[in-house]
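Q: Chain residues, written in single-letter form:
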Amino acid sequence: SQELEQSPQSLIVQEGKNLTINCTSSKTLYGLYWYKQKYGEGLIFLMMLQKGGEEKSHEKITAKLDEKKQQSSLHITASQPSHAGIYLCGAVPPKGGSEKLVFGKGTKLTVNP
Amino acid sequence: GAGVSQTPSNKVTEKGKYVELRCDPISGHTALYWYRQSLGQGPEFLIYFQGTGAADDSGLPNDRFFAVRPEGSVSTLKIQRTERGDSAVYLCASSSYGQPYTQYFGPGTRLTVL
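These protein sequence lines map, in sequence, to chains P and W.
Residue -19 is where the first sequence starts when you use the numbering used here, and the numbers rise one by one after that.
Residue 334 is where the second sequence starts when you use the numbering used here, and the numbers rise one by one after that.
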């Protein structure tokens, strides 16, 4: 079964700093979702990457998919306290198969003012 | 429009009791998904519906867990003879028909079994 490994598990940065979170799949990636979760809340959809090399941005958050390496990176520029939370990557299922998502364990981000 | 809603937001029950968790998907979304999230883990798939039928229930841990979606909208996750290990946040998501099937999540129900 597919597994997604996220690194780092947790990250503490000073406000204004840039940071990167990685997500690596044990199997072929057909695409990848990035979600953000505040403690005790549901997942907020950030973006979905479908093609190798695709890069998308949402405000100060940029994510890129590297199909060959079976991984994705999420980069935050000039971090703010509002970026704090848990970032989760989820694998897009292959076409024709079950639509269930497989998630990583998440990266907990703390941004200190 | 309104997002996915789940009720109750919190549920505390005693070991051995029966519980029902409800999910209201985004209006018009044909697919509905249930996941379970334990502390420090990512969501784990339980079951999903396409319309009224369960398209994949491979994630249900055992026969104490059951879910229905009788009219293709609201869904109820039912847990019989609850155990302490069932304590977790139960998340519901929905998506519209057609690629890319982006799943939009509700706030979850936190279930605590004492």
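Read the hints as simulated data drawn from the structure, not as lab findings.
Hints should not be assumed to be uniformly reliable.
To be verified - Simulated coverage check for chain W against chain P, where a stretch passes if three residues somewhere in it have a Cβ under 8 Å from a Cβ of chain P:
| id | segment |
| --- | --- |
| 1 | 372 to 380 |
| 2 | 408 to 421 |
Claimed, not checked - Here are the computed lysine-lysine pairs in the BS3-like style, where the Cα-Cα straight-line distance is at most 25 Å:
| id | chain 1 | residue 1 | chain 2 | residue 2 |
| --- | --- | --- | --- | --- |
| 3 | P | K75 | P | K18 |
| 4 | P | K36 | P | K75 |
| 5 | W | K344 | P | K18 |
| 6 | P | K16 | W | K348 |
From the three backbone atoms N, C-alpha and C, an ideal C-beta is built for every residue, glycine too.
Q: Among all the numbered hints in the text so far, which are the ones the structure does not match?
A: Hints 2, 3, 6 contradicted; others consistent.
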